[in-house]
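Asks: Residue numbers for the sequence shown follow my numbering, beginning at 1353 and rising by one.
Keep in mind the hints are simulated off the structure, nothing from the lab. Nothing here was measured: the structure is a model prediction, and the numbers come from that model. Be aware that one or more of the hints could be misleading.
Claimed, not checked - Cut-off 27 Å, straight-line C-alpha distance, at most; resulting in silico cross-link-like pairs (BS3-like, lysine-lysine):
1. K1562 to K1431
2. K1536 to K1562
3. K1648 to K1620
4. K1562 to K1620
5. K1562 to K1416
6. K1648 to K1416
7. K1536 to K1431
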Amino acid sequence: MKTTMGKIKNLLKKSTNIGPSALILVSTLLPILALHGETTVSAANATTTLRPGGTVDTGNHTWKLGDFQTPGNFTPVGKNTSGASWTSISTYDFGTDQRDAGSWLPFNGAMDMTQSITVAGSTYAYSWNILGIGGSGKTLGDANGILLTNLSSSQLSNGSTGGNLGGGNLGSGTYFIGNNYSYKNTTFLGLGSEYNIATVIAQGDGGTKKVLNASTDYTAKSNSSNSFFMTWTNPVLNSDGTVTGTMTYRSRNAGTDYIASTQLTVQKSMSIGFMAATGGNYSKMSVTVDLITASKGVQLVVS
């Protein structure tokens, strides 16, 4: 570019009879030629100015099954648990084979709640010792399923267990979505420990939980193997930045579907994972994840 401009300047020096029209032509060419020394920035190579506390689009927008079958992508949180571990890349043993245990397994990445979400797999609860001595409790308990929360993993161990399903003390931004094995006491006048199961969607409510919706109840005796299919559909971004959508959890036991569904209003980015809780009733419980369809939440820029 410098060479071209130099030639034009030399021509100006050598010429003594440049008319007004020629001067206009040269004055028009010089700015155009100068542009060739700059780089044109397109969307493909544009840079982003990062500011602490802001957000950045990472360009990788979806979570895949492989992400949810990588144990290192989760942060296990245990309260009175024993032996909690991954038994395979897709199955997690909650370590809840004792009373008053809480086991939370949040995924380390955020979910974009403005987009639809699907999670599918299976849950398992097993209580083999009819006397409740020397092993699993004699009655299934208390709950296992999906965790949806706005809290960090370090805050989850404050959750109250037993009938509070691991969601008590965790605030209204935490939800339990899954099987409540102690949903309905079926003994005479409630005296005893025979319970029916139901699929529930429950929300943290002070030190306890509030059931927002529940399926019909059923009996599963000393073990319960349930396939599940959770969906978050029709999300709408509200003017205050929250998102309202429909949460549905279908749990299939012995060929019958038990479905809970309700409308929730949540933050734009939430953490999702799995959880289990026991109380006086307890059992060996696990979860297997087979399908995930979700978009990534925003990534915070740290200073």
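Asks: For every hint, state whether the structure bears it out.
Replies: Here's how the hints hold up against the structure:
Taking the CA atoms of K1562 and K1431, the gap is near 21 Å; set against the 27 Å cutoff, the hint holds. For the hint linking K1536 to K1562, the alpha-carbon distance of about 15 Å falls within 27 Å, and the restraint holds. Proximity of K1648 to K1620 is assessed by CA-CA distance (about 11 Å); at most 27 Å being required, the pair is judged to hold. For the hint pairing K1562 with K1620, the CA-to-CA distance comes to about 22 Å; that is within 27 Å, so the pair holds.
Among the hinted pairs, K1562 with K1416 is inconsistent with the structure: their alpha-carbon atoms are about 32 Å apart, more than 27 Å. At most 27 Å may separate the alpha-carbon atoms for a hinted pair to count; K1648 and K1416 meet this at roughly 10 Å. For the hint linking K1536 to K1431, the alpha-carbon distance of about 25 Å falls within 27 Å, and the restraint holds.
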